[in-house]
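Q: Listed below, chain by chain, are the residues.
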Amino acid sequence: MTRYVDSLVVTETGPGHCKDGQLNQDACLCSNGQYGRLIVVSDGLGSRTRASQGSKNACLAARDAVRYWSMNPLSPPERLAPLIQALWRSRIAPHPPEDCATTCILALRQRTGAWVIGGIGDGLAAIRLGRRELKYIIGGQRRGFLNETVGLGTSKSSNDWQFVTIPPPPAPTAAIIATDGVSDDLIPEKTGLFTAWLVDELRGLPARQRSQRLRAMLRKWPTPNHSDDKALGVIWESSSSRGRHE
Amino acid sequence: MGWVSYQEDIMSRLAAARPPSVRAFQPSIVGQAARVVGSEGNGMAELKDFVIQTARPLPVIVLADVSGSMKENGKIDALNEAVSNMISAFAEEETARAEIHFAVITFGAGGAKIHYPLRVPVSGDWVPLTAKGTTPLGAALDLARTLLEDREQVPSRAYRPTLVLISDGHPTGGNGKPTTDWRNPLQQLLGSERASKAMRFAMAIGDDADHDVLNAFLADPARQVFSAAQARQIKQFFQWVTMSVTARSRSGDPNAIVFNELRDEELDY
Numbered sequence: 001m002t003r004y005v006d007s008l009v010v011t012e013t014g015p016g017h018c019k020d021g022q023l024n025q026d027a028c029l030c031s032n033g034q035y036g037r038l039i040v041v042s043d044g045l046g047s048r049t050r051a052s053q054g055s056k057n058a059c060l061a062a063r064d065a066v067r068y069w070s071m072n073p074l075s076p077p078e079r080l081a082p083l084i085q086a087l088w089r090s091r092i093a094p095h096p097p098e099d100c101a102t103t104c105i106l107a108l109r110q111r112t113g114a115w116v117i118g119g120i121g122d123g124l125a126a127i128r129l130g131r132r133e134l135k136y137i138i139g140g141q142r143r144g145f146l147n148e149t150v151g152l153g154t155s156k157s158s159n160d161w162q163f164v165t166i167p168p169p170p171a172p173t174a175a176i177i178a179t180d181g182v183s184d185d186l187i188p189e190k191t192g193l194f195t196a197w198l199v200d201e202l203r204g205l206p207a208r209q210r211s212q213r214l215r216a217m218l219r220k221w222p223t224p225n226h227s228d229d230k231a232l233g234v235i236w237e238s239s240s241s242r243g244r245h246e
Numbered sequence: 247m248g249w250v251s252y253q254e255d256i257m258s259r260l261a262a263a264r265p266p267s268v269r270a271f272q273p274s275i276v277g278q279a280a281r282v283v284g285s286e287g288n289g290m291a292e293l294k295d296f297v298i299q300t301a302r303p304l305p306v307i308v309l310a311d312v313s314g315s316m317k318e319n320g321k322i323d324a325l326n327e328a329v330s331n332m333i334s335a336f337a338e339e340e341t342a343r344a345e346i347h348f349a350v351i352t353f354g355a356g357g358a359k360i361h362y363p364l365r366v367p368v369s370g371d372w373v374p375l376t377a378k379g380t381t382p383l384g385a386a387l388d389l390a391r392t393l394l395e396d397r398e399q400v401p402s403r404a405y406r407p408t409l410v411l412i413s414d415g416h417p418t419g420g421n422g423k424p425t426t427d428w429r430n431p432l433q434q435l436l437g438s439e440r441a442s443k444a445m446r447f448a449m450a451i452g453d454d455a456d457h458d459v460l461n462a463f464l465a466d467p468a469r470q471v472f473s474a475a476q477a478r479q480i481k482q483f484f485q486w487v488t489m490s491v492t493a494r495s496r497s498g499d500p501n502a503i504v505f506n507e508l509r510d511e512e513l514d515y
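So the sequence lines, in the order shown, correspond to chains F and X. For the first sequence, this note's numbering assigns the number 1 to the initial residue and increments by one for each residue that follows. For the second sequence, this note's numbering assigns the number 247 to the initial residue and increments by one for each residue that follows.
No lab work stands behind these hints, which were simulated from the structure alone. In this text, all values refer to a predicted model and were calculated from it rather than measured experimentally. Quick reminder that beta carbons are idealized off the backbone N, C-alpha and C, glycines included. Be aware that a few hints might be false.
Here are the computed distance ranges between Cβ atoms for each label pair [claimed, not checked]:
id: 1; chain 1: X; residue 1: VAL373; chain 2: F; residue 2: GLU189; range: 28 to 38 Å
id: 2; chain 1: F; residue 1: PRO82; chain 2: X; residue 2: ARG478; range: 53 to 63 Å
id: 3; chain 1: X; residue 1: ALA462; chain 2: F; residue 2: ASN225; range: 31 to 41 Å
id: 4; chain 1: F; residue 1: ARG219; chain 2: X; residue 2: ALA337; range: 46 to 56 Å
id: 5; chain 1: F; residue 1: LYS135; chain 2: X; residue 2: ASN421; range: 54 to 64 Å
id: 6; chain 1: X; residue 1: ARG469; chain 2: F; residue 2: GLU148; range: 47 to 57 Å
id: 7; chain 1: X; residue 1: LEU293; chain 2: F; residue 2: GLU148; range: 23 to 33 Å
id: 8; chain 1: X; residue 1: GLU292; chain 2: F; residue 2: LYS135; range: 21 to 31 Å
In silico DSS-like links for lysine-lysine, alpha-carbon gap of 30 Å or less [unchecked claim]:
id: 9; chain 1: X; residue 1: LYS359; chain 2: X; residue 2: LYS294
id: 10; chain 1: X; residue 1: LYS359; chain 2: F; residue 2: LYS190
id: 11; chain 1: X; residue 1: LYS481; chain 2: X; residue 2: LYS294
id: 12; chain 1: F; residue 1: LYS156; chain 2: X; residue 2: LYS443
id: 13; chain 1: X; residue 1: LYS423; chain 2: X; residue 2: LYS378
id: 14; chain 1: F; residue 1: LYS220; chain 2: F; residue 2: LYS135
id: 15; chain 1: X; residue 1: LYS359; chain 2: X; residue 2: LYS317
id: 16; chain 1: F; residue 1: LYS220; chain 2: F; residue 2: LYS190
id: 17; chain 1: F; residue 1: LYS135; chain 2: X; residue 2: LYS294
id: 18; chain 1: X; residue 1: LYS294; chain 2: F; residue 2: LYS19
id: 19; chain 1: F; residue 1: LYS156; chain 2: F; residue 2: LYS135
id: 20; chain 1: X; residue 1: LYS378; chain 2: X; residue 2: LYS294
id: 21; chain 1: F; residue 1: LYS156; chain 2: F; residue 2: LYS220
id: 22; chain 1: X; residue 1: LYS481; chain 2: X; residue 2: LYS443
id: 23; chain 1: X; residue 1: LYS443; chain 2: F; residue 2: LYS135
id: 24; chain 1: X; residue 1: LYS359; chain 2: X; residue 2: LYS481
id: 25; chain 1: X; residue 1: LYS378; chain 2: X; residue 2: LYS481
id: 26; chain 1: F; residue 1: LYS220; chain 2: X; residue 2: LYS294
id: 27; chain 1: X; residue 1: LYS359; chain 2: X; residue 2: LYS378
id: 28; chain 1: F; residue 1: LYS190; chain 2: X; residue 2: LYS443
id: 29; chain 1: X; residue 1: LYS294; chain 2: X; residue 2: LYS423
Next up, chain F with everything else stripped away, as it sits in the complex (with noise of 0.2 Å):
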């Protein structure tokens, strides 16, 4: 059966920096290509000085190596995680990977109808896989507590890195990520549902209104004194002719 793949991702200033007049220092990304369709969220760790900056490079670093990456189809997804680091550092040069130091989250959903979902640092991806099994790759139950997280330009340690891939799922799948402004406040037993619910929501809509509408519920997340920059993206598949053919 064919399939078609759509995607959204959006990233809003949180209350707490458009406050102080600040950048924010979420970013996020939306690719097309060869590869398939690729989203990235980062999140720039508050207290360093060029986080904004980090968070970008971030998700350019990720796209430039996804496409690198997947010019050898038998490259495991371990393979991204040196690749996004060293094309970071090098985006960031000459500014120590210290003060840029960014989460970096990614989701692929490949030309073959297979996934690549995962990346460093707290936030949120998971994968939707049927009506109700929801994967988390990232997030779920924290560990510690909030703003606790390692990231590009602080890990010491390639087990910082989490990728997971999904063979082609029978069914037609979604894919989630978020940086952690928005999967903090998150009911952690209700995200599968969220998935679909938002799936839901945008796929009808002209892209214009579709991103529109999910700047529009950052703007307006429903936690009492949220303030944290938000990035969210989704990605998803259908039977119909609603998204990209693939």
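For this one, chain F is given, so just place chain X on it according to the hints.
A: Structure of chain X alone, referenced to chain F:
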């Protein structure tokens, strides 16, 4: 702006900009799944159905020595007044990014007890402590660790907790004699996954306070035990902790704020 723009991205967005077809005819990966959780009576879900409706907590837990020696020189009265003022200050904190949750664990007659359960503090909601009995510090440390490890009471979306220990003597056992049975509970606290991450502060009241115990609790040579020679300095210490916590609750990153150290000389008027 956090959006990173480039050519491929534009292609992607253009591809998604086709005119929409009738939504009702779109097969969904979810079918009706998202429509059964709505709370508005029309079966339609909303964003708030998936998002936690409470602010992110910033827990503050006080471990208070209420042994018999705290009756002397007005220490227990000063502690009661200081904690009561702290509760009022936290309760009035409305502009905070984080919601302060407050608890008091006492250790004295009858062992360690949760005197003020962890919750959003309410002004005037303080039952004064009474001083009596021995100093079972180990039991209090066990109780604090259990509380901090409980994800129901201190969720993972909480900011790093603050743990304040205040004592005027040596840890004692049930027979009133000095004991070292606090060492194991302290090691467990310092070795636990979550409780070990709490910001720890300690105050020694009077000359009899065991600084070695309080320094072991801090477990950081760079941090100092605050000393109070007189009861009024207890209030000053609590005022300082209150200011530090409320500053954290308002800051951009409530975990990252640097505490200004309170020097001993600042404890005097």
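Q: Holds or violated: LYS220 (chain F) with LYS294 (chain X), Cα cutoff 30 Å?
A: holds (10 Å)
Q: Could you check the hint for me, namely that ARG219 (chain F) and ALA337 (chain X) are 46 to 56 Å apart, CB to CB?
A: violated (30 Å)
Q: Given the hinted pair LYS294 (chain X) and LYS19 (chain F), is their alpha-carbon gap at most 30 Å?
A: Since the Cα atoms of LYS294 (chain X) and LYS19 (chain F) sit roughly 24 Å apart, the hinted pair holds (cutoff 30 Å).
Q: LYS443 (chain X) and LYS135 (chain F): Cα distance at most 30 Å?
A: holds (29 Å)
Q: Hey, LYS481 (chain X) versus LYS294 (chain X), does the alpha-carbon distance stay inside 30 Å?
A: violated (42 Å)
Q: Check the hint pairing LYS359 (chain X) with LYS190 (chain F) against an upper bound of 30 Å on the C-alpha distance.
A: Given that 30 Å is the threshold and the Cα spacing comes to 36 Å, the pair is violated.
Q: Does LYS294 (chain X) sit within 30 Å of LYS359 (chain X), going by the straight-line distance between their CA atoms?
A: violated (37 Å)
Q: Tell me if the beta carbons of LEU293 (chain X) and GLU148 (chain F) are separated by a distance inside 23 to 33 Å.
A: Given about 27 Å between the Cβ atoms, the range holds.
Q: Straight-line Cα separation of LYS190 (chain F) and LYS443 (chain X) no greater than 30 Å?
A: holds (28 Å)
Q: If you draw a straight line from the CA of LYS156 (chain F) to the CA of LYS220 (chain F), is it 30 Å or shorter?
A: The hint is violated at about 37 Å.
Q: I want to verify a distance hint. Is the separation of the beta carbons of LYS135 (chain F) and ASN421 (chain X) within 54 to 64 Å?
A: Check passed, 56 Å falls within 54 to 64 Å.
Q: Could you tell me whether the CB distance from GLU292 (chain X) to LYS135 (chain F) stays inside 21 to 31 Å?
A: Because 25 Å falls inside the window, the suggested range holds.
The structure is inconsistent with the numbered hints 4, 6, 9, 10, 11, 20, 21, 29, although it conforms to all the rest.
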